[in-house]
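Chain by chain, the residues run as shown.
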Amino acid sequence: MIDIDIDRVQVVAIVVSVVLLMVVLELVRRRKLVEEYSLLWIVGSLAILGLSIWRGVLDLAARQLGVFYPPSLLLMLLVVSVFVALLWFSVVLSRQRTQIDRLMEETAILGAEIRDLRSHDAGAPADRLPLL
Amino acid sequence: MASPPAAGGSPIPVSFVVPVRNGERWIRDVIEGIALQRDGRPMEIIVVDDGSEDRTTAILRELAVPDLRVIAGYGRGAAAAVNTGIRAARFPIICQVDQDVLLRAGWLEPLVSALDDPTVAAAQGCYVSDRTADLSARVMGFDLEQRYDALQNGRTTHVCTGNSVYRAEAFQRAGLFDEQLGYGYDNDMSYRLQQAGYRLVFRREAQSTHRWREGLWGYCVQQYGFGYGRLDLVARYPRRLTGDSVSPLQMMLHPVVMTIALLALAAAAVLAAASGPARYVLLLAAGLLCVLFVERAIAGARAARRFRSTTPLLFPLFHLARDAAWVAAIATWTARRITGRGSHPAHSMTTRPADRGHAGPRGSRSTARAQTTPRALTRVLGLIPAHNEAATLQGVVADVRASHPALDLLVIDDGSTDDTPDVVEELGVRWLRLPERMGIGSAMRAGLRYAARQGYHIAVRLDGDGQHRASDIQLILAPILDGRADVVLGSRYTASDANTSLSVRLVQRLLSLCLRALTGRVVTDPTSGFCALGPRAVRLLAEHHPTGYPEPELQLFLDRNGLRVVEVPVLARSRQGGRTSLTPFRLTAAGARVLLAMIIVPFRSGVGRVERD
Numbered sequence: 001m002i003d004i005d006i007d008r009v010q011v012v013a014i015v016v017s018v019v020l021l022m023v024v025l026e027l028v029r030r031r032k033l034v035e036e037y038s039l040l041w042i043v044g045s046l047a048i049l050g051l052s053i054w055r056g057v058l059d060l061a062a063r064q065l066g067v068f069y070p071p072s073l074l075l076m077l078l079v080v081s082v083f084v085a086l087l088w089f090s091v092v093l094s095r096q097r098t099q100i101d102r103l104m105e106e107t108a109i110l111g112a113e114i115r116d117l118r119s120h121d122a123g124a125p126a127d128r129l130p131l132l
Numbered sequence: 001m002a003s004p005p006a007a008g009g010s011p012i013p014v015s016f017v018v019p020v021r022n023g024e025r026w027i028r029d030v031i032e033g034i035a036l037q038r039d040g041r042p043m044e045i046i047v048v049d050d051g052s053e054d055r056t057t058a059i060l061r062e063l064a065v066p067d068l069r070v071i072a073g074y075g076r077g078a079a080a081a082v083n084t085g086i087r088a089a090r091f092p093i094i095c096q097v098d099q100d101v102l103l104r105a106g107w108l109e110p111l112v113s114a115l116d117d118p119t120v121a122a123a124q125g126c127y128v129s130d131r132t133a134d135l136s137a138r139v140m141g142f143d144l145e146q147r148y149d150a151l152q153n154g155r156t157t158h159v160c161t162g163n164s165v166y167r168a169e170a171f172q173r174a175g176l177f178d179e180q181l182g183y184g185y186d187n188d189m190s191y192r193l194q195q196a197g198y199r200l201v202f203r204r205e206a207q208s209t210h211r212w213r214e215g216l217w218g219y220c221v222q223q224y225g226f227g228y229g230r231l232d233l234v235a236r237y238p239r240r241l242t243g244d245s246v247s248p249l250q251m252m253l254h255p256v257v258m259t260i261a262l263l264a265l266a267a268a269a270v271l272a273a274a275s276g277p278a279r280y281v282l283l284l285a286a287g288l289l290c291v292l293f294v295e296r297a298i299a300g301a302r303a304a305r306r307f308r309s310t311t312p313l314l315f316p317l318f319h320l321a322r323d324a325a326w327v328a329a330i331a332t333w334t335a336r337r338i339t340g341r342g343s344h345p346a347h348s349m350t351t352r353p354a355d356r357g358h359a360g361p362r363g364s365r366s367t368a369r370a371q372t373t374p375r376a377l378t379r380v381l382g383l384i385p386a387h388n389e390a391a392t393l394q395g396v397v398a399d400v401r402a403s404h405p406a407l408d409l410l411v412i413d414d415g416s417t418d419d420t421p422d423v424v425e426e427l428g429v430r431w432l433r434l435p436e437r438m439g440i441g442s443a444m445r446a447g448l449r450y451a452a453r454q455g456y457h458i459a460v461r462l463d464g465d466g467q468h469r470a471s472d473i474q475l476i477l478a479p480i481l482d483g484r485a486d487v488v489l490g491s492r493y494t495a496s497d498a499n500t501s502l503s504v505r506l507v508q509r510l511l512s513l514c515l516r517a518l519t520g521r522v523v524t525d526p527t528s529g530f531c532a533l534g535p536r537a538v539r540l541l542a543e544h545h546p547t548g549y550p551e552p553e554l555q556l557f558l559d560r561n562g563l564r565v566v567e568v569p570v571l572a573r574s575r576q577g578g579r580t581s582l583t584p585f586r587l588t589a590a591g592a593r594v595l596l597a598m599i600i601v602p603f604r605s606g607v608g609r610v611e612r613d
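Chains as they are written, first to last, in this note's numbering: chain A, 1 to 132; chain B, 1 to 613.
Since the hints were made in silico from the structure, they are not lab data. A portion of the hints provided could be inaccurate.
Here are some of the chain B residues that sit facing chain A, going by a computed Cβ distance under 8 Å [unchecked claim]: (1) Tyr191; (2) Phe293; (3) Leu434; (4) Pro435.
What follows is a list of derived Cβ distance ranges for each label pair [stated by the list, open to error]: (5) A:Leu74 x B:Glu543: 39 to 49 Å; (6) B:Leu571 x A:Lys32: 18 to 28 Å; (7) B:Leu595 x A:Val15: 19 to 29 Å.
In this text, a Cβ means the ideal position worked out from N, Cα and C, and glycines have one as well.
With the hints as constraints, model all of the structure from the sequences given.
Written as structure tokens, this is what we have:
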């Protein structure tokens with residue numbers, strides 16, 4: 001028999017993290033998630049999977065860091081990773097905001113240029129100097 | 001265009017266009033001369049003040065002449081100023097009078113009746129010398145009068161500006177005056193009108209007095225300008241090398257002969273130094289000079305008899321000086337041509353040291369500047385960012401049009417949700433529309449980028465709520481046109497404080513203190529949006545205009561990137577309508593942003609890519 005005793009909680013944890021991983025991969029496959037942003041989630045779900053398989057790692061780390069109650073270490077890790085993810089999203093948002101700004105400005109300018117062209121085609125010959 | 005009136009019909013209305021720059025000495029007399037022409041027909045007098053630095057502007061304000069309109073030029077020179085006036089003129093006949101031309105009674109009628117013939121595009125009056133003027137001015141006057149004498153009353157091939165009447169319709173066919181030419185733009189116009197199939201007419205009865213520059217030096221400076229302009233013209237129209245009816249062939253030959261004579265003199269000097277056969281070359285030079293002298297002496301003697309005055313006897317002296325000035329012009333012009341430098345050295349309407357009462361260092365400085373700065377066409381675009389300003393926009397645009405008819409305008413509609421887009425379309429100005437509200441920073445970037453792509457060099461920002469007075473545009477443009485600044489901020493020092501709340505004023509005060517500490521510059525009005533941007537600033541801000549609530553941050557940004565900022569006090573009005581965006585909450589938010597900017601901006605590297613020019 002296998003000497004690792006697998007309790008029910010662990011089974012649930014493993015199943016959940018595998019499903020999470022599958023969902024992420026499926027989203028990438030369907031191009032709902034650009035690879036660039038999927039990386040964070042894949043790494044995250046792999047980490048959760050790893051922790052649910054080797055629960056001992058968590059206990060070990062908690063002992064080493066002087067955390068009395070191992071699950072609180074898990075919570076802290078979670079909070080930190082969520083924080084990093086959010087910060088990263090803000091960066092992405094800012095970048096997109098600049099891009100959108102630029103795009104809007106550009107459409108406005110293009111619109112005006114098209115108008116100019118049209119009126120130029122339709123209008124009088126304005127070749128020499130501005131008319132009166 | 002109105003058709004010429006039948007005898008006894010209603011007379012054709014006329015527009016007088018007078019370009020002026022630093023013309024304090026004569027402008028009052030000029031306007032009075034124009035007022036003398038009143039004969040019951042509708043008249044308007046448009047004075048284009050091309051950035052005068054003397055009392056001209058004040059004098060014009062004092063004059064109580066009906067139908068007098070003063071509009072601002074851009075300091076781009078006489079041709080541009082005349083064009084500005086022509087664009088603003090409403091009537092089918094345009095009388096162009098210069099700032100030193102005094103019309104005599106009865107000047108208008110013969111010229112306007114000359115235009116009864118629809119094939120005549122322009123008619124020129126006759127300059128009559130003022131016998132009380134300074135010696136060199138008298139010489140100039142008699143010389144011109146003598147040249148006019150040779151003209152038959154009727155056809156001519158040249159109509160000079162300043163003393164002439166044009167058919168507005170002709171400008172539509174031939175185009176306006178060429179602003180690239182400092183002198184000689186009137187010759188250019190005459191040629192173009194004739195190419196367009198029009199005739200030009202000279203009328204001796206229409207008399208006026210030209211106040212020529214005084215003193216021999218002023219005379220030579222002016223002649224240098226004439227010569228230079230003539231070269232530009234000949235380069236453009238080689239067939240006109242032989243002159244026209246006002247500048248006949250022998251006058252065109254003079255500078256050529258003079259050049260040869262001076263070259264011969266120089267050669268003789270070199271040969272003498274090298275102990276070569278200098279004598280014959282010297283004789284040649286002396287001979288040529290003698291020919292010129294004798295030719296002018298004869299002309300002078302004839303003029304002296306014709307005008308019963310001894311002054312024309314000085315023709316040989318003055319005209320040899322003139323020839324020398326023309327040779328200098330030829331030398332400079334050729335040198336510039338060869339080196340490929342721009343060719344706009346002199347301008348007919350730049351400051352005239354001799355004309356000013358105090359021809360001190362100031363006068364000479366302006367002349368020097370006029371000769372060094374390239375007189376390329378400077379294009380200015382007025383930017384009006386607007387968000388839900390339907391109520392006031394029309395007034396703002398009308399205000400600008402009234403005082404700066406030649407200024408191109410661009411309204412940037414920042415995602416308005418009211419009638420602003422419809423209003424803008426009806427106004428007939430250029431416009432950009434941002435599909436969503438993006439904020440003033442984005443609107444400015446869009447506007448500036450558009451300006452840069454359309455080849456504008458300078459941009460002026462006016463707010464759409466009408467709090468900035470269009471008449472101040474000239475004020476905030478001046479430092480940029482003079483090359484003294486990259487950015488000019490119009491700071492409001494006004495009573496509009498009265499209707500801003502205490503908290504707003506408090507935050508503003510705080511902001512200006514912080515900015516002052518950071519930039520080391522007095523910032524009186526940190527939230528002013530009224531500004532003029534020079535070429536460097538346009539290029540830089542087209543990419544990097546700060547967003548959000550940008551005005552205070554802009555100041556830091558400009559400082560960080562080494563742009564020269566100048567503040568000019570302007571009078572602001574309270575909002576003409578609509579809602580202010582300056583709530584205490586917004587201001588506090590702005591304060592927070594600025595605080596952040598203060599910490600961050602000094603650590604940012606300059607944007608730098610904009611070249612220093």
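Exercise. Could one say that the CB atoms of Leu74 of chain A and Glu543 of chain B fall in the range 39 to 49 Å?
Worked result: Hint holds: Cβ distance 47 Å, inside 39 to 49 Å.
Problem set entry | Agreement of hint Leu434 of chain B with chain A interface, Cβ distance less than 8 Å | The hint holds - Leu434 of chain B has a Cβ within 8 Å of chain A, the shortest such distance being about 5 Å.
Exercise. Going by Cβ atoms only, is Phe293 of chain B closer than 8 Å to chain A?
Worked result: 43 Å, violated
Exercise. Taking the CB of Leu595 of chain B and the CB of Val15 of chain A, does the distance hold inside 19 to 29 Å?
Worked result: 51 Å, violated
For this session: Hint says 18 to 28 Å; check whether the CB-CB distance for Leu571 of chain B and Lys32 of chain A agrees.
Result: Taking Cβ atoms as reference, Leu571 of chain B and Lys32 of chain A lie about 59 Å apart, which means the hint is violated.
For this session: Classify the hint on Tyr191 of chain B as holds or violated, based on whether any CB of chain A lies nearer than 8 Å to its CB.
Result: Interface hint status for Tyr191 of chain B: violated (14 Å vs cutoff 8 Å).
Problem set entry | Status of the Pro435 of chain B interface restraint (C-beta, 8 Å, chain A) | 6 Å, holds
Comparing the model with each earlier hint shows violations of hints 1, 2, 6 and 7; every other hint is respected.
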